[in-house]
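Residue numbers (our numbering), protein chains in the order written: chain A, 1 to 210; chain B, 211 to 420; chain C, 421 to 630; chain D, 631 to 840.
These are computed hints drawn from the structure, not numbers from a lab.
Hints should not be assumed to be uniformly reliable.
To be verified - If you only want the chain C side, here are some residues facing chain A, beta carbon under 8 Å, derived:
| no. | residue |
| --- | --- |
| 1 | G447 |
| 2 | T454 |
| 3 | H497 |
| 4 | G501 |
Note that the structure is predicted; figures quoted are calculated from it, not measured.
Beta carbons are placed, not taken as given, at the ideal position from N, Cα and C, and that holds for glycine.
Number of protein chains: 4
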Amino acid sequence: MAGDQSSVHEREHAETEFNRIVAFTDGVFSIAITLLVLTLEIPKGGDLERLLADRGNEFFAYFLSFAVLARLWLAHHRFYGSVARFDSRLITLNLFYLAFVALLPFTTEMLGNYGSQELAVALYAANLTIVSVAFIVQITYVYRAQLVRDDAVEFRARFAGPANWVIAIVFACSIPIAFVSSTAATLMWLSMFFVGRALGDLAARKRAPR
Amino acid sequence: MAGDQSSVHEREHAETEFNRIVAFTDGVFSIAITLLVLTLEIPKGGDLERLLADRGNEFFAYFLSFAVLARLWLAHHRFYGSVARFDSRLITLNLFYLAFVALLPFTTEMLGNYGSQELAVALYAANLTIVSVAFIVQITYVYRAQLVRDDAVEFRARFAGPANWVIAIVFACSIPIAFVSSTAATLMWLSMFFVGRALGDLAARKRAPR
Amino acid sequence: MAGDQSSVHEREHAETEFNRIVAFTDGVFSIAITLLVLTLEIPKGGDLERLLADRGNEFFAYFLSFAVLARLWLAHHRFYGSVARFDSRLITLNLFYLAFVALLPFTTEMLGNYGSQELAVALYAANLTIVSVAFIVQITYVYRAQLVRDDAVEFRARFAGPANWVIAIVFACSIPIAFVSSTAATLMWLSMFFVGRALGDLAARKRAPR
Amino acid sequence: MAGDQSSVHEREHAETEFNRIVAFTDGVFSIAITLLVLTLEIPKGGDLERLLADRGNEFFAYFLSFAVLARLWLAHHRFYGSVARFDSRLITLNLFYLAFVALLPFTTEMLGNYGSQELAVALYAANLTIVSVAFIVQITYVYRAQLVRDDAVEFRARFAGPANWVIAIVFACSIPIAFVSSTAATLMWLSMFFVGRALGDLAARKRAPR
Numbered sequence: 001m002a003g004d005q006s007s008v009h010e011r012e013h014a015e016t017e018f019n020r021i022v023a024f025t026d027g028v029f030s031i032a033i034t035l036l037v038l039t040l041e042i043p044k045g046g047d048l049e050r051l052l053a054d055r056g057n058e059f060f061a062y063f064l065s066f067a068v069l070a071r072l073w074l075a076h077h078r079f080y081g082s083v084a085r086f087d088s089r090l091i092t093l094n095l096f097y098l099a100f101v102a103l104l105p106f107t108t109e110m111l112g113n114y115g116s117q118e119l120a121v122a123l124y125a126a127n128l129t130i131v132s133v134a135f136i137v138q139i140t141y142v143y144r145a146q147l148v149r150d151d152a153v154e155f156r157a158r159f160a161g162p163a164n165w166v167i168a169i170v171f172a173c174s175i176p177i178a179f180v181s182s183t184a185a186t187l188m189w190l191s192m193f194f195v196g197r198a199l200g201d202l203a204a205r206k207r208a209p210r
Numbered sequence: 211m212a213g214d215q216s217s218v219h220e221r222e223h224a225e226t227e228f229n230r231i232v233a234f235t236d237g238v239f240s241i242a243i244t245l246l247v248l249t250l251e252i253p254k255g256g257d258l259e260r261l262l263a264d265r266g267n268e269f270f271a272y273f274l275s276f277a278v279l280a281r282l283w284l285a286h287h288r289f290y291g292s293v294a295r296f297d298s299r300l301i302t303l304n305l306f307y308l309a310f311v312a313l314l315p316f317t318t319e320m321l322g323n324y325g326s327q328e329l330a331v332a333l334y335a336a337n338l339t340i341v342s343v344a345f346i347v348q349i350t351y352v353y354r355a356q357l358v359r360d361d362a363v364e365f366r367a368r369f370a371g372p373a374n375w376v377i378a379i380v381f382a383c384s385i386p387i388a389f390v391s392s393t394a395a396t397l398m399w400l401s402m403f404f405v406g407r408a409l410g411d412l413a414a415r416k417r418a419p420r
Numbered sequence: 421m422a423g424d425q426s427s428v429h430e431r432e433h434a435e436t437e438f439n440r441i442v443a444f445t446d447g448v449f450s451i452a453i454t455l456l457v458l459t460l461e462i463p464k465g466g467d468l469e470r471l472l473a474d475r476g477n478e479f480f481a482y483f484l485s486f487a488v489l490a491r492l493w494l495a496h497h498r499f500y501g502s503v504a505r506f507d508s509r510l511i512t513l514n515l516f517y518l519a520f521v522a523l524l525p526f527t528t529e530m531l532g533n534y535g536s537q538e539l540a541v542a543l544y545a546a547n548l549t550i551v552s553v554a555f556i557v558q559i560t561y562v563y564r565a566q567l568v569r570d571d572a573v574e575f576r577a578r579f580a581g582p583a584n585w586v587i588a589i590v591f592a593c594s595i596p597i598a599f600v601s602s603t604a605a606t607l608m609w610l611s612m613f614f615v616g617r618a619l620g621d622l623a624a625r626k627r628a629p630r
Numbered sequence: 631m632a633g634d635q636s637s638v639h640e641r642e643h644a645e646t647e648f649n650r651i652v653a654f655t656d657g658v659f660s661i662a663i664t665l666l667v668l669t670l671e672i673p674k675g676g677d678l679e680r681l682l683a684d685r686g687n688e689f690f691a692y693f694l695s696f697a698v699l700a701r702l703w704l705a706h707h708r709f710y711g712s713v714a715r716f717d718s719r720l721i722t723l724n725l726f727y728l729a730f731v732a733l734l735p736f737t738t739e740m741l742g743n744y745g746s747q748e749l750a751v752a753l754y755a756a757n758l759t760i761v762s763v764a765f766i767v768q769i770t771y772v773y774r775a776q777l778v779r780d781d782a783v784e785f786r787a788r789f790a791g792p793a794n795w796v797i798a799i800v801f802a803c804s805i806p807i808a809f810v811s812s813t814a815a816t817l818m819w820l821s822m823f824f825v826g827r828a829l830g831d832l833a834a835r836k837r838a839p840r
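Okay, chain A solo, but in the shape it has when bound (with noise of 0.2 Å):
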């Protein structure tokens, strides 16, 4: 324990590790966000109109994607600010949460190909279900390490709260739900952006930072 303690680095002191750990995490989400354009893809040759007319879908996954990785940025982006200290399990918890983040690309390329099919939907669902949860799961550390920002303990039901929970939950009940009806199950996707904005903003009413 003592031991653990000694490798905890503070942001202060380690202000140039602690921004490199944020840069990497922000490289990998820009460069993800980035490549989601590699999923739109046009065979050379023959009628564009025609050709366009059958990738509604690949468009829909495009900017469902963009819109999720940016949101999924900005919670980072917003709870890491809270963060005071980091140590290396926190690191590996990051870099697990980034190794399906940078996976979207694949799910959403396969959404957009395959939309029709339950399980592309399903797999696209589980793979932000398993981003929710290890998002969860560091800030879960992060608070019980006691490795928040003094004056972001507080705060903790802003990002602690219920709020993700809800996220999660309803990304991992859409997986069943995309069996039965992959338009079901999108429609529970889009819901939870306007319920979950709806949640941080009460959150963030109740307990407004300084």
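Fit chains B, C and D to the given chain A structure using the hints.
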């Protein structure tokens, strides 16, 4: 309103967070601009000279989009130099803007491969129209929500001035024109470069920053 | 010698330049780790379930390489935290190292697609052997050329200690073993993860940083 | 003129903006260098050994371009260490330079796939000629417009000296030579590496920075 105000972050107090948002934007721009090269593809085997001969369109599209993304980034870069605070709405507007910036490698590939079909030209113009308008919305919001630096208020004309509107309008007009003559639409874009620059220089000369 | 000394840059005096080199390295790592997702490809059309069924190898290769790149980055990150000065030779060594780090998405794709052929397994092991050795060369050079921070000299064992050698030797040994049994070679890598971590923890515990 | 002067930004006063430009350049370099790996492709299925056998050209092109981009980045990195101010013209010159740096993954792929056709070799040389000249133009402009740091004026020979011209001239000469013997052109590039380095070392030794 007051509640919203409370979540406005001063640039000085949250320099790290501000820089992170700007760095994320720069990341998306630099990745998108470098991904453009993936739109240039040569099938393996065969006579290289002949393969390259009918790829003039693709090279034109590459250099056009490189120049467009470079100018967009410069404009973003200059504008954010005058932003003093940010709130979550500005971040959302910026992410919406980035979703269409990151789409440009796709519309560029379409323009390179299908430059002779009016639809490709029109969609490229539509992409840039949305980007231009999304940028104007950001500028307008920043000035309306008073997120600018105090010493930048007087330079409003430079950023929120007519130049951006001219660019957006020309791109919008080139959409229908593309269906009449794709060459005319392309020439409109190119003229934009010089007119846009001239307008910018004009505004800059009128109110030069210290 | 004296001439060489003169071009050694103190980290404090050239913090910006030092950070730029480190940021470049981080950039290559974050791009390579995010490009791994491009090794996962599904041909369009057909039954998704069957298409995914025989892609176990590819997913295994994706997560293995993500973990490998993450660990390499962490090791690089920790090591450079103890570097105080840099010279052009260290930069060159680091770039050589990066050339093989950036190659990993290729060998990963090969491992994913040809995991049943011994050659693919052997080449993946060869890639990691070169990376490990190139890292050891950097560490050795930094200590020999006295580019470390004064307070890091005593932690030499942690970075230049036996752990890195064990990793390099195991990867090197797995090359010939791959031709006998690719499964055995793969298991050697996986055991590396846990042994490498255990050795690192051991070294860290012996000489914990302040 | 005076108007132009007014928009020159001092590095110290606008450190953030300067860093953003440099970071953007680094971003393009690190992405381009990591995208090189995408030029290495193996068709799925078949005997891996035979597939790799005739890919020597591709690997040669990968490592050559990695080394070229690394050296270009280092030269850029060193040069910008002596730049004190920037103006919009320097930014434009830098972006022009980057457009051809970012093109290198394409010409690399061409060289890897069509190395036996003279045209591929000539175009690769042409790409590097343009990059070299665009770099010289930047250097010349920076010294002419007095954007250098005061203490760097005396080191002009190091950056604006003959070494860059030698490199540019050799690349330019290798274009016509490629049509006679692509091997001779390739050898010219490789010799460049050592001659260029020797010249650089020579200049550095003559006027070593503090």
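- Message: Could you work out which of the previously given hints the structure breaks and list their numbers from low to high?
- Response: none
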